[in-house]
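K.L.:
Going by the working numbering, the first residue of the sequence shown is number 373, and it counts up by one from there.
Hints are all accurate, no fakes.
Ranges between beta-carbon positions, derived for each pair: (1) R840 to E417: 55 to 61 Å; (2) D1004 to A1286: 49 to 55 Å; (3) G1260 to D1130: 36 to 42 Å; (4) A985 to T686: 20 to 26 Å.
Bear in mind the hints are in silico, worked out from the structure with no lab data behind them. Virtual Cβ for every residue (Gly too), placed ideally from N, Cα, C.
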Amino acid sequence: MHIDLLGPVVVRREDGVAVTPSAPKRRALLSALAVRLNQTVATEELIELVWDGAAPPTARSALQGHVAVLRQLLDGPGLALDTRGAGYLLAGDPDRVDVLRFVRLCEHAGVLLPEPVGRAGGAREDPAVPLLRAALDLWRGPALVDCGSGLLRERVVPPLADLRLRGLERLAEALLRAGRGGELAAELAQAADAHPSRQVLAARLVHCLEQGGRRPEARERYVRAAARLSGPPGPELRSAGERLSARPAASAAASAASATSAAPSTTVAAPAAVVPDRRFVGRAAELAALDAALPAARSGRPVLVTGPAGAGKTALVRHWAARRGAEQFPDGVLQADLRGFDPDGPREPADVLGEFLTALGEAPDALPAATAERSRRYRDLVSGRRLLIVLDDAASYEQLLPLLPDPPATGPPVTGPAVTGPGQEEGGAPAAVVTSRRRLRHLLVREGGLPLPLGVLTREDAAALLARTLGPDRTGGGPEAVAELTELSERCDRLPLALRLAAARLAARPDWSPGDLVRELADEQTGLAALSGAGSSTARGPIGFTGALDRTYRTLTPDAARLFTLLGLHPGAVIDTATAAALADLPPATTRTLLAGLDAVHLLEEAAPGRYARRELVRRYAARKAAELTCDERFVALDRLTAHYLEVTAGWTAESTAAGGSERAAAWFRREESALRAVVVCAEQYGRTAQSWQLAHRISLLYETTDHDRTHWRAVVEAGLRAAHADGDDAAAARLGTDLAVLHIARAAHRTASEHLDRAVGAADRAGDPALRHHCRSRVGAALLRAGRYERALPLLTDLVAAARTPAAAHLLVRSLTDLADALVLSGDPGPALDHADEAVRTATARAGSAEAVLAAHSRARALHALGRRDAALSSARLAVALGRTVGDPALEARSHGLLADLLEELGRGVEGAEARRRARELVAGNR
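Based on the sequences and whatever the hints tell you, model everything.
P.N.:
Structure below.
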């Protein structure tokens, strides 16, 4: 067991499965004991913490109940909860509690000492650096954020948060000494914004930015930090400011060299100054598409490169511009970062136009004031020039409109060769290329924009990116190394940003193999933190993957943000509109609008009408957002999701059963199986036991009629059976035990199946339900028949008929006779089968209009057909159709039409058979 408190409270088993208590008071109790691991905590103190100082008279007995539940939860290796005198003690290895592991790492790194020890000089890395990186990586958000006790947070969190800041400052000190301060600028910026009064932190940030070649931003940070103070800066911050003033300004060459990393807002570059990025890998098809789009772009149709966060849109356009350079853009490249997803909001077009005009040679004091006048002047200046205008990270069509150049009066042809050769003049006209996370449909419709969607890298390109970044020493090797790299790229969704962050994490840990990082990324709770990009930043803040998604998330409307967060509770990769509507408790029309908004910013992708896919990293990010919901919000939403799946699976199960296996039901189940499986397990873990076993039973019926992974089937049934036992429902245990027996029959484990059937029958007996007992044995008999084990099925079904001839079970006789008749037909003995079917028809006749009469007619038709009496078989099938109409069960009537279709088609009467099958499909569709 492991207990993580540096973020939402998470309890994990050794296999990584979360078993976090759902009750807030149990989380509070566990958290209070965990932070004092191996120490006895008095009962009175625990009551005070768990009930936030307002304990009821029954608190002591309630605490004992919570302790009992936690003891059962922690029943495993590593941790043990014991009673000690007048209190309780949680005993175990401190490394199993992230808070204690964090404190230990900080202590070993020297953070707790007045003068940190172990500092290294020269080029050798300070030994504190890997310790501090490991310590800071443990944080997943605010500590104990949902522990259930405000009093516990008041006592525990402040010193932990302070230690975290001290650790960050110590890490900055070590990296600055090694000349690598720029690596930590992103994390320092986040911390400095959250703690504006902490001068040491601000000073470290200024120094790191300066060392990273970002002097303008360092100066801005210093001015901002000093302005927040009520008095003069302290010695460290003052020293940082003096260092900035004393050092001479960077030369023009140095400024140009740092332009890529500093990402200035607006630049105009001569063609020779635009240098290809040596780190750029792949994207051959997209580069060719940009080439092909260039003639149209010169005619006034902007090219829109759009894609999700981290896809490398900016890198693609810059690399393409550098490749084409002087050949295609002899007048230069004009580029602006529009900051469409910046935390401070997108840039105003007027400001961008002012910088454009200045870059194009206009005097700053002569610039027009109005946006429209600036836009007109800018368009006049770029008209006729063979410029490339790169408008990066656009927020909206409205932001772009003043920045787009006018189309030429007589533009070059839109079709024809993509790129002119040396000496060929294509005419003077600027070309605009826009990048955005939004799809910007208005730009496409109103300006004739050319969309260039940018997805993930190919597997080959992803492997090449990792190989180039890590070098041959880390990526060379045999098939095992290749497999590890392939899995690593898939864990990163083959997105360039995630791949580079993963490579940087490996580069910082030379003793790690790619497989080590794969295992870290596989952790559902902490894997995303491995791509946090510690130490990586731009002028706009962190470039970690979570930071990139944060910038997209912040642009959502409140309703869209709520829906996205709730979707974090859905475990699947694909979500349909109906499921999303149920999860969010919204009308389908409203949900469709919100889903379209999420699709517009690539947080979802509409893979098919009404079906939205998401990448694994986005799913995990949404799950982190969902973890910030209150427990009540999560549970209510989970209840809605479970209720929705119970309703939907009822329809698909009925269709599959009616049709003897439906391809539509199978296709739906294949799409939803992983999500359904996860919902069953989640509902069981969070105490929704009735919903868990009900859904598990429904899903088991679908597993039974589809070809699916039996390991997954077993996990679902076993979770459902545990939930049934926890619910104290013997009837449910009988049904799930039968499901498990059927599963083992499908696995040819017949002895194990028999054992599970015996337990299921025993549960049915305890429930006092002889009909359920009969159902359990009958279903196992049917499974044996499907498996071709007639020698096992026939004795079981014969015993069922004998049992049903007693007065107490006479109501089960018809079904028992039909099951036995069907088994005899399948085993090649149709004569006795007809005798049993005839008896079933006679017995059911007394119950006119009953479903049993329909099923008996089915069995009689099959026996007659096996005996070669085709006309009599057709008559019996038509009787079943007629009886089915009187019963009023569309599913049963559909089965009758299906049987009739089978018989007609075997007799070569295809037209009539097709009509019967069409009617069966109509009944099934109407029933759903």
